[in-house]
Structure formats: C-alpha cells, structure tokens
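Quick note, the sequences are listed as chains Z and F, same order.
Going by my numbering, 127 is the number at position 127 of the first sequence; the sequence numbering is gapless.
Going by my numbering, 391 is the number at position 71 of the second sequence; the sequence numbering is gapless.
Careful, some of the hints might be misleading.
What follows is a set of in silico ranges between Cβ atoms, one per label pair, in the way DEER data are often shown [to be verified]: (1) I108(Z) - F433(F): 23 to 31 Å; (2) G499(F) - L12(Z): 44 to 52 Å; (3) R463(F) - W74(Z): 57 to 65 Å; (4) D346(F) - L296(Z): 53 to 61 Å; (5) R463(F) - I85(Z): 55 to 63 Å; (6) Y105(Z) - K517(F): 29 to 37 Å; (7) L290(Z) - A518(F): 55 to 63 Å.
In short, the hints are calculated from the structure, not lab data.
Ideal Cβ placement from N, Cα and C applies to all residues, glycine included.
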Amino acid sequence: MLSRANLIGALLFLAAGVVGLFLPPWLVSLLTIAFANALVVLGLIILWRAGLVPFGQALYYCSGAYTVALLARWGGIGDAFVLLIAGGLVAGVVAFLTGFLLARYREIFFAMLSLAMSMILYGVLVKTETLGSTDGFGVDPPHFLGYAPHGDTLGFTLYWFVLLVCAIAALVIGAYFKSVAGALAVPIRDNEIRVEFLGISVTRLIHMKLVIAGTLAGVGGALAAMTIGHVDPNMAYWTTSGGFVFVTILAGAGSVAAAFVGSLVFEIVRSFAFAVLPGFWQMTLGIVLLLTILFLPEGLGSLATRFRRRKPDTKPVATS
Amino acid sequence: MSAILSVSGLEKTFGSVVAARDISLDIPAQQTVGVIGANGAGKTTFVNMITGHLRPTKGTILFEGRDITGLPSRDITQMGISRSFQVAQVFPSLSVFDNMCAATAIARGDGRFVSAALRSVRAPEIAADVNVAIELFQIAAYRDTLASTLPQGIRKLLDIAMAVAGAPRVLLLDEPTSGISIEEKFQLMDVVMSALKARNITVLFVEHDMEIVERFADRVLAFYDGTVIADGSPGETLGQARVQELITGAKLKSPRGEASTHA
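So here's chain Z without its partners, still in its complex pose (with noise of 0.2 Å):
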C-alpha cells in the first residue's frame, strides 16, 4: 500500500493542505471547487480507459448535490461526513440502474444515452417548483462531526475536508487501475471479443466501471454542493458534462494525479480568463484546449510520463 508513489501523493495533497493556510479564501474556495470536480474527472478517465466517453456524467454530479442539498434542508442531516456518503451512495445507486442499459452500448450511442439520462433529470428539476425549478435551492453549512465553523473558517475546513476525500479516492482508484478488472480497460478498448473469450463478461466489467465512476461523480457533486452552499438544475445540464470532459480532454488519461493537475490548471484558466478577458474567456478555454490536443494528445499527465520516460532509457514502454 505503502508504494513510492501513493507517499509522494500523499506528501502533495498535504503540502497542497499547508499552502492553503496562506491563500486568500476566494482563491480556497476556487480549489476546493477544483479538487471536487477532479473527482468527477477521475471518474470519467476509468471510462475514457476502456474508450468510452460519457456526457451525461453530470446526471450522477447532480445526484449527488441534491441529495447533499435534500437531506441538509429536509432531513435535518448536518454532518459532512454523512452527506458525503449519501451523495457518493445515491449517485452510485443511479449509476447502477442506468448502468444495466449503458453498459450495453459504445461509442456515440452510449454518449448520447447518458446524455439524454441527465437531460431527463434536467428536465425533472426544472419542472418541479418545490425544488426551486431553475433557481434551485440553498443548502445550509455542514459540521464536522459536532465541530460547526463559519465564514472563512468553513471554507478553510471545507477545503481540508475535500483534500482527504480526494486522497483517498485517488489511493482507492490507483489500486483499481492494477486491479485485474481496472487494468482491463485496455484489452476492451483493444478488443472486446478476446476478452468474452477470456471468460469475463465485458458488460459487467463496464457497468462496474459505470458505476464506480457514477459514485465518484457523486462524491464531487456532494463536496461542491457543500462548497457553493446551493444547488440547482444546471448541474445536471449538457454543458456540465462537457466541461468535465473537456478537463478530462485537457488531464489525459495516464494516470490518477492527470485527474487533479487538469481540474486544477482548467479552474485556474477559467478564473483567468474570466478575470482579464470577461467578454472572451470561453475562446480562451477553446484555445487551450486546442493547443492540448495538437501538442499534447495525451493531455497534461503525459508531460510527467514523457519526462519520466526519456530519463531512464529511450526504449518504449507499455503505458497502463
């Protein structure tokens, strides 16, 4: 468990916990939204593995914040802790039931078929007013396990909070990706036939991924709604999927740490963009994302890989 690795990972997240006692809250509250969308992000690069490409991953995101949003407002349910994990639960149990009907489809009909699922769940939020129809609704500060800060302290504690469960959920997915049926993503991708001849089912090995990913996708929604303390229907709208492809996209598939350096960089860009170009900053994320996939096909993790590579020796070796 223990690896070179997983330590390093853990020394970041820490150092990544330090450096934000030094930052301004905004800039807190930025990454905090970042590392809770790299969830998601981490979730779409287990599917993106085996070659497929989901958008409608926000339908799970979106289960996850109202769920978090539902039981603070209507259950009376405070604690992360508790939230966290009815959020990563309820999402993943959707991803479950949709998954027994996505599992079977590929390429563009499985990314049209998850489209349409979060669009249905768009079109229920809208259209129910109870829930605030398009404005949604405010979800009040969680507590930490009886600790109940405020302000700036929330967002600090928030943030740390969000830290651990990236930490672990990139612990718990590294192991995945050398776990037999993580590290059959490629033989599907590759061909599916051998694998069916191997003696898996490679339906169930990808709704096992679908829902996985879905429980990730949850997790993230759970932690932002937390974090932006309101919900509303447009986190289940088509242009939230295709932002966390696009993240995706910009990390690349390589590894886990490409799920967190992509949300992170595109946060930042946004901000950026946004901040000194306001009537433009969409072009700019479109010129960043073009330059990604000219020059880096593989996405930002590749940079690590290709450094790595070229220290050693110039033989080529098999990526996982």
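Using the hints provided, position chain F relative to the given structure of chain Z.
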C-alpha cells in the same frame, strides 16, 4: 471410452442457408483432431457453436457430460474449452507480457467481479505463470514488445498462448497456420503441439495444409456442405475418394504420402 466432447444432431441455419447439419461425433480426451474442408464447408461454424459464439439451431453439445449448448462463450471458456482465432485476436496496445497477464488474471479469477477489482493484474503468481507460458510457447524474446508490432507468427503464438492461459481441457485452433509462410508453418505447429501435449490438452484444429494435418492429427474430420463426410485416421480420411474429389483435390495416387495439395 468416455468422450470429453460429444456433439449430436448439431445444426445451424442462417435463414434459408444451412451452415451446419446433422453433425454427430465424440472426441475422446487428449486426442488431436484435424478439421479439413473447403471454405464455407462449416468448419468455423462448428468451432463457433462449440465455443458458444453461435447458438446451434438444433442438437446438443456435451462437455465432460454437461450440456453446454447455447451457453455464453465466457461460461464455456470458464468450464474448460478455449479457442484461438483465424486472425490472431490480441490486445495491440499492450506488450506481450501484459497481454498474457490479462489472459492469466482472467483465467485465475473465479469470475467474481469484486475479487477482480481487488487482485493485482501483475501479482507475483500471475507473472510467474506468464513467464513459464511465454517460455513454453517460445515468445519470451518478445516479452516487452507491443503486440501491434509483432511479426505474424509470434502474434499467432501469443493468441494461442492466451487461449491456453486458462488451462483448458479442450482447445480449438481455428487455422493456426493461416497467414504464416510455408517455411514457418511446421516450426509453429511443432511449438504449439508440444506445448499442448505437455499440458494434456485435447485439440481440435482447423487446417488447410494437408501435410500439417497428416503430421499432427490423430484423427481427421472432413467437412463438406455443413456436414462431416469422413471421419477417421489421417490415412483413412485423406484416402477416401470423396474427400479427394471435394476437398484435397484428386492429385493423390497413394493413400498416404505426398498429399501436399492445398484445399
């Protein structure tokens, strides 16, 4: 004599096209059976039905006494029947080692998905199995080569080695030497057959080269128009007038010997 594989009254139709009909035969354990026949005679359909890729329209397939007719291919593989493919089916973006690890890891799994998520794909016992297998199939020199860049013969060997990773009792080889140069064919078959003999595997192989069939098969099935027209030792089957007329060509004078025609 108890048969490891036993089919009776097997039939497969696609609309009005009859791809296989009235196939009944028993294969005893550890026999090496060659399957010959012209293109479209039903050889691959036969292989596809046994391995669960196609569901027979009629008839039953018994494996070690259990009815496996119409089961999904992955279940049949788990029970102990593997196959290789006419066009090698490997994972091009993985190295030979990782291809074998994937195959071995699946084979060693109990089919449960929770345990598949918890075991490492490169666990020491899997890597050890893989290293033995790639030595056995003489592809160890290509251990770290990407499968997409392998020479055709090595790719074929990898495909077969992957099929054998699951320690099957029955292995079906669909044209193991197709796409291989004539000089390399015998060498490839020598490697494959000695590896399979070492593991006591019952083999059924589809083959067009009659020299290979004569050399490696204990028994030969001749397919024509979806059914078996001759079944016996290589000498008997290849010696039959109908087989010569319909499959091997009538060039043969002696019942055995220079049967080097391509069908």
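To see whether the hints hold, each was checked on the structure:
1. Look at I108(Z) against F433(F): about 27 Å separates their beta carbons, and that is inside 23 to 31 Å.
2. For G499(F) and L12(Z), the Cβ-Cβ distance of about 49 Å falls inside the hinted range of 44 to 52 Å, so the restraint holds.
3. Separation of R463(F) from W74(Z) is about 60 Å and conforms to the stated range, judged on CB atoms against 57 to 65 Å.
4. Hint check: D346(F) to L296(Z), Cβ distance near 60 Å, so the stated range 53 to 61 Å holds.
5. For the pair R463(F) and I85(Z), the beta carbons lie near 44 Å from each other, so the given range of 55 to 63 Å is not met.
6. Restraint check, Y105(Z) to K517(F): a C-beta distance of roughly 44 Å breaks the suggested window 29 to 37 Å.
7. Distance hint check for L290(Z) and A518(F): the Cβ-Cβ separation is about 56 Å, which falls inside the suggested range of 55 to 63 Å.
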